[in-house]
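So the sequences go chain by chain: A and B.
Counting from -11, one number per residue, gives the positions in the first sequence under the numbering used here.
Counting from -11, one number per residue, gives the positions in the second sequence under the numbering used here.
Watch out, some of these pointers could steer you wrong.
It does not matter which identical chain is meant; a pair holds if it fits inside one copy or across any two.
Said to hold, decoys possible - With a cut-off of at most 20 Å between alpha-carbon atoms, the simulated SDA-like pairs for lysine to any residue come out as follows: (1) Lys270 <-> Asp226; (2) Lys37 <-> Val107; (3) Lys42 <-> Tyr232; (4) Lys270 <-> Gly43.
No lab work stands behind these hints: they were computed from the structure.
Number of protein chains: 2
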Amino acid sequence: MAACVAGESDQIASRDVSDGRAPARYQVVGIGNALVDVISHAPDDFLAKFELVKGSMALIETERAVELYRALGTAVEMSGGSAANTMCGVASLGGRAAYIGKVSADELGDVFGHDLHAVGVAFRPGEPSESVPTGRCIIVVTPDAQRTMNTYLGVSSLLRTEDLDEATIADGEVLYMEGYLFDRDDAKAAFRRAAEVAHANGRKVSLTLSDSFCVDRHRADFRALVRDQVDVLFGNDDEIVSLYEVDDLHAAMEIVRTECDLAAITVGAEGSYVVTRDDVVKVAAEPVDRVLDTTGAGDLYAAGFLYGLTTGESLERCAELGAIAASEVISHVGPRPLVELRTLIR
Amino acid sequence: MAACVAGESDQIASRDVSDGRAPARYQVVGIGNALVDVISHAPDDFLAKFELVKGSMALIETERAVELYRALGTAVEMSGGSAANTMCGVASLGGRAAYIGKVSADELGDVFGHDLHAVGVAFRPGEPSESVPTGRCIIVVTPDAQRTMNTYLGVSSLLRTEDLDEATIADGEVLYMEGYLFDRDDAKAAFRRAAEVAHANGRKVSLTLSDSFCVDRHRADFRALVRDQVDVLFGNDDEIVSLYEVDDLHAAMEIVRTECDLAAITVGAEGSYVVTRDDVVKVAAEPVDRVLDTTGAGDLYAAGFLYGLTTGESLERCAELGAIAASEVISHVGPRPLVELRTLIR
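Same shape as in the complex, but just chain A (with noise of 0.2 Å):
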């Protein structure tokens, strides 16, 4: 596979996202489960008596979040939910996002728009719900700084049809849906929606697959959506090869790209490929004095790639990008930005 050259890149690029229309309003319009972050730490005999895997997300219910939260030592809360920190990295980084997931009328329902507003992205929240409270997802990082969720739903699974602002889908050129959501039927509808109306509105679908487990419990629903509506791919090693059933990142990366026009593909420390129909490229990672806490680290790298598509940068800029804004979030605690991603990209 011959690297690309960022001249080649560059023309993708605006191939893809611009062809001559007047700009859209947002830059990236997400979808996703929207949950408030429970975040503590603990070592990992935690992680070995409650059978929780490292690096995973489990869905869990009522019951099992009460067992766990009981458990667990003094936590913080923050606002999170995959796609809403890609939408909070892109308005970071300059960019304008507008986010689209249910929370409830609670007090964590108010963090979570507070948070969305305060950084400047569009909140679109579907209807509340009077029953069902806020999701949230309780994060347990272990002295490795490895993130491992526990994810109670919440109002966020409810996300329907209904729930979506298609005027704003309309006005993004980049449709963002997280594959976590892929969990309810309903939502999956919603996603086959958004993803027609964004098309039919001439702008692209890209999706981050979020799980390896998520991709196990649905990977013939993903792989159609992939094959049939998504323009720009996101996941990490294990995802991509856990979609397609191979054995290796090659392998599913030879696939990949026979299906979709973009693919970028997080390996940890080492880096992100891009692959396109053509090529793919390695971008190295950004060095990170200490890494403090891994969450986030796939949303802010969508982010910040998404940034640079949406800006007419080059197929390997958009991965350093994504690079340097996924470096920002893993050297503290917290799932967002602290600092405004657009001075580190300067």
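Following the hints, position chain B against chain A.
Chain B alone, transformed into the frame defined by chain A:
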């Protein structure tokens, strides 16, 4: 004023808090405003724009809370409340602590209760309210690491005599009360009752003045309380000067030693003074590489001091323990220890 030697202080400490009784169930029982902190970073002109006095605590009503929160950047939610922070500090040092303070049966109330239980502080929340939410404190941290607090008291301010768990107070070596609570008459009455219960059971009563504006608002009541019911007084230089309306700290210390057996007065980066009827000892602050957020500094100083006092340490060592505990909390964002303080004092 002669500096006392450790031997003398030791005698004072053991005379003050042990007097031959069986060990109490709790070393310290705290009473205060149960609050969840909403912490955000902002430049100094944010304070100017909203006419906030740096370093102070202002009480705010719902409308102002909404206005400030709306203007605030990305925030993090963490359990706070001055006396609650102190009780968590005592527990983190290895001590036995209990806390009395009102929360509602809402999400922030759950968070507050969880974070006390998580570090082993016994929580006596009084009767929950159906209609008044859990209190919160909007904390603006400026680049100089100073914190400016805006407190919406919510249900915390409804603490009344009926909410006191008198058995818990009776079983704590030292009762610790937070001056902030003095802003409501019912709470003042509860303070006096709590002090009566403590003394009737041979316990000591301590008070922190909390804030110089709070002292201004209730000077006469504070003076009467200190003179009549307080054995150990905590405060900083501004607060103690305000309490006695004198020109400088030394004048204030000359008065306080005639009114109260023991006072521990913090003077920021300079350390603290321990004032008894006979002596004044100055103890240095613990060096800190980089001060990130001074929220909780006084609370944790009191935690270290009270832990020392209830484990028979000399008064000088009590102040050193206070300095160590304070140094930990100002070196990170948030009002409670992130590491087990017991590991820092070995």
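Hint check:
1. Lys270 <-> Asp226: Within. Shortest intra-copy distance 17 Å satisfies the 20 Å Cα cut-off; inter-copy 59 Å does not.
2. Lys37 <-> Val107: This pair counts as between: shortest inter-copy Cα distance 19 Å, intra-copy 38 Å.
3. Lys42 <-> Tyr232: So Lys42 and Tyr232 fail the 20 Å test inside a copy (23 Å) and across (57 Å) alike.
4. Lys270 <-> Gly43: Neither, since 24 Å and 50 Å both go past 20 Å.
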